[in-house]
Amino acid sequence: MTDSKKDYQKILASVQKPVIGEAGKTGTWSNFKPKIDLKKCIPAKSGKAACFNCWLYCPEAVVTRTIPPEIDLEYCKGCGICMEECPVNAITMEEVKPE
Amino acid sequence: MTQTKVANNEKNIKILTGNHAAAHAYMQARVGVVSAYPITPQSPVVEKISEFINEGKLKAQFLMVESEHSAAAACCAASATGSRVGTATSAHGLMLMYEMLPWAAGTRLPIVINLATRSCGAPWSIWDDHSDFIAARDVGWIQFMCEDNQEIYDTNFQAFKIAEDPRIYVPTIVAYDGYLLSHTLMPVQLENQEDIDAFLPPLKHHINLSDISQVKGVGPVTTPNIIIREEGTAPGYYEFRYALQKALENSIDIIKEVHDEYAAKFGRSYGNGLFKTYKTEDADTIIFAMGSVSAQARTVIEKLRAEGLKIGLVTLRLFRPFPVKYLRDFFKGKKNIVVFDRAIGYGYEGVLCYELKAALYGVQNPPFIKGFIVGLGGRDVKGEHIIQGVHRALELSEKGEITYETEFYGLKLDELDFLD
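Here the protein sequences line up with chains D and Y, keeping their order.
The numbering used here runs 1079 ahead of the 1-based position in the first sequence.
The numbering used here runs 65 ahead of the 1-based position in the second sequence.
None of these hints come from the bench; they were simulated from the model.
Some clues are possibly wrong.
With a Cα cut of at most 20 Å, we get these calculated SDA-like pairs of lysine to any residue [claimed, not checked]:
id, chain 1, residue 1, chain 2, residue 2
1, D, K1085, Y, R306
2, D, K1089, Y, K311
3, D, K1089, Y, P289
4, Y, K321, Y, I261
5, D, K1104, Y, I292
6, D, K1085, Y, A329
7, Y, K400, Y, N430
8, Y, K124, Y, T146
9, D, K1089, Y, G147
10, D, K1085, Y, K122
11, D, K1127, D, K1104
12, Y, K122, Y, E259
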C-alpha cells in the first residue's frame, strides 16, 4: 500500500490541456470519407483565398484554410457537413470498405 | 482568560442576526466572488453582501443568476480562477445546487456555503429542521453546524482557512438553524480587519483558469483506469476519489488546528473544535444533538441533574467528516446516550443516532443508545420533550430493551379531530 498520509495531497483536480488526438484516432470511426474534386473547388480552381466553407463548417477542425484545402483523414469522423456546405458540390463522400 | 493573548482589547460588539453575522464574516474574509439566488431564510445573507459591495466596503464580484444550480456552477467556475468564493442557501436551494456539490468536492474547490437550515417539501414549509443539511452529507464537503450567531461569524473564518488549506482543499458548509438563528438578533463580537487578515491570508489555489495562456479543461472525462502515456501518467477517477476521502479523513487534525489557532488569537473556542461538551465530566448519561436542539437541551440539564441524574450534553459541531475517533474516546465508559434528531434518514431513523451507533461499533461495554425525532418543519422543540426523551431512554436502558420503531416528541396527533 502507498503512504496515505502524503500521496493524496498530490492528486487534486483532473485537468486537461487541448492536444491533437486526446481521444485517439477518431478518423477510424467513420464509414465515409470526403474527397475534394480540385477541378470544382473554388480556391483550388481560382487560386484565391475564397469560399473555405468546408474549413468554416467542419465541426472537428480537420480542414485546412489553404489552397487547396486539405482534410486530415486521421481525425475526420466522416459526418459529411463539408459536402453539404460546399456551394459547388466539389466534395463527395466515399464509402470506406471494411478490411 | 488572563493567559490568553486576545487580539484586541477594544470591543466591537454589534447586535446581528445569524444571517448578518455570516455576511459580515464574508466581508471580512474578503470573498472575491459571491454568486447566489435568494431563498428563505437565507436571503438576508446575500442581500447584506450586495449592500456591502454597493457601499464599497467589500470589493467583490456579485453574480446575479437565474437559479441555485447556476449560482453553484458560477461559484465552481469562479473558484477555479483562483478566487475566494462564497454563497448561501437553504433547503430546496441546496437541493438545486446538489448536482454541483460533488463537482466542487471532486475538483477540490475551497468554496464555502452558508446554509440557513430549513425543512424540505412536501408539504411546503419555510421553517427549520436539519433535513437539508443532512442531504448534503455524501458529496465530499466538510460540514459544520453552529449554535449561536457568534459561532456563525467565527466558524466562517475557520471554514475558509480549513477549506483552503493546501494539505486538503475541500469545500465547506457552515450551517445554522433557519429563523432560530438566521433571523434572531444576538450580540456578536466583530474582530479587527487586520487581525482577520493575519489569521486568514489570501487563497493560494492549486488551480487557476484565469491564465488564458495555459487554457485547461477541468474535470474532463476521467477513465476507470489510470492514463499511461510517454509524456507521463494521470490518475483515473478512482484515484481522485480516493484522494478526496483521504483529504477528508486527514482534515480532522487540520480543523482542530485551525480552531485552536482561532481560539488562541481571538479568545473564543468551541469545545475541541469538533464537538462541545457541557457538564459531562461526572456524567454517565449524555444527550447528543446539534444546533438548536442542543441549545434547547442545555436549558434542561440543570433540571435533570436536580432529579439526581448524572447527565451532560455533547453538541456536535463537525458533522462531516464525522469525528469518529474523538467520539469513541469521549463516549468510552459512558452508560447511556440519548440522541435528539431534527432530521430523519427516512426509512431508518434519526440521522445523528445511526451515525453515532456506527461510530461506536466495537467499543468495549458499549453505551445504550436511544434516539428521538423532534422539531421537524419548525415545530417547537421544548425542554419537556428533552426531559421526556431522557426518561424514556433511561427506562429502556434499565430494562435493556432495544426498540426499532422511531419515536417522536412534539407530535400533536391527539389534537386532530378526525383521528380517534
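Inset, instruction - Verify the proposed pairing of K1089/D with G147/Y, using a straight-line Cα cut of 20 Å. - result: This hinted pair holds, its Cα atoms lying about 18 Å apart.
Inset, instruction - Could you grab the alpha-carbon distance between K1127/D and K1104/D and see if it respects the 20 Å cut-off? - result: Given pair K1127/D, K1104/D is violated - Cα atoms ~32 Å apart, limit 20 Å.
Legend entry - Restraint status (C-alpha distance of K124/Y to T146/Y at most 20 Å): Holds, at roughly 16 Å.
Legend entry - Proposed proximity, N430/Y with K400/Y (alpha carbon, max 20 Å): With Cα atoms ~8 Å apart, K400/Y and N430/Y stay inside 20 Å; holds.
Legend entry - Restraint status (C-alpha distance of K1104/D to I292/Y at most 20 Å): The hint holds at about 16 Å.
Legend entry - Pair hint outcome, K1089/D versus P289/Y [Cα-Cα no greater than 20 Å]: holds (19 Å)
Inset, instruction - With a cut-off of 20 Å on the C-alpha distance, tell me whether K1089/D and K311/Y pass. - result: Judged against 20 Å, a Cα distance of about 11 Å means the pair holds.
Inset, instruction - Decide if the proposed pair is consistent with the structure: K321/Y and I261/Y, CA atoms, cutoff 20 Å inclusive. - result: OK: K321/Y and I261/Y at ~18 Å, within 20 Å.
Legend entry - Given pair status - E259/Y, K122/Y, alpha carbons within 20 Å: holds (15 Å)
Legend entry - Agreement of K1085/D and K122/Y with the hint, judged by alpha carbon distance not exceeding 20 Å: violated (40 Å)
Inset, instruction - Starting from K1085/D, check that the Cα of A329/Y is at most 20 Å away, please. - result: violated (28 Å)
Legend entry - Satisfaction of hint between R306/Y and K1085/D, Cα-Cα up to 20 Å: holds (15 Å)
Hint check: violations occur at hints 6, 10 and 11; the rest are consistent with the structure.
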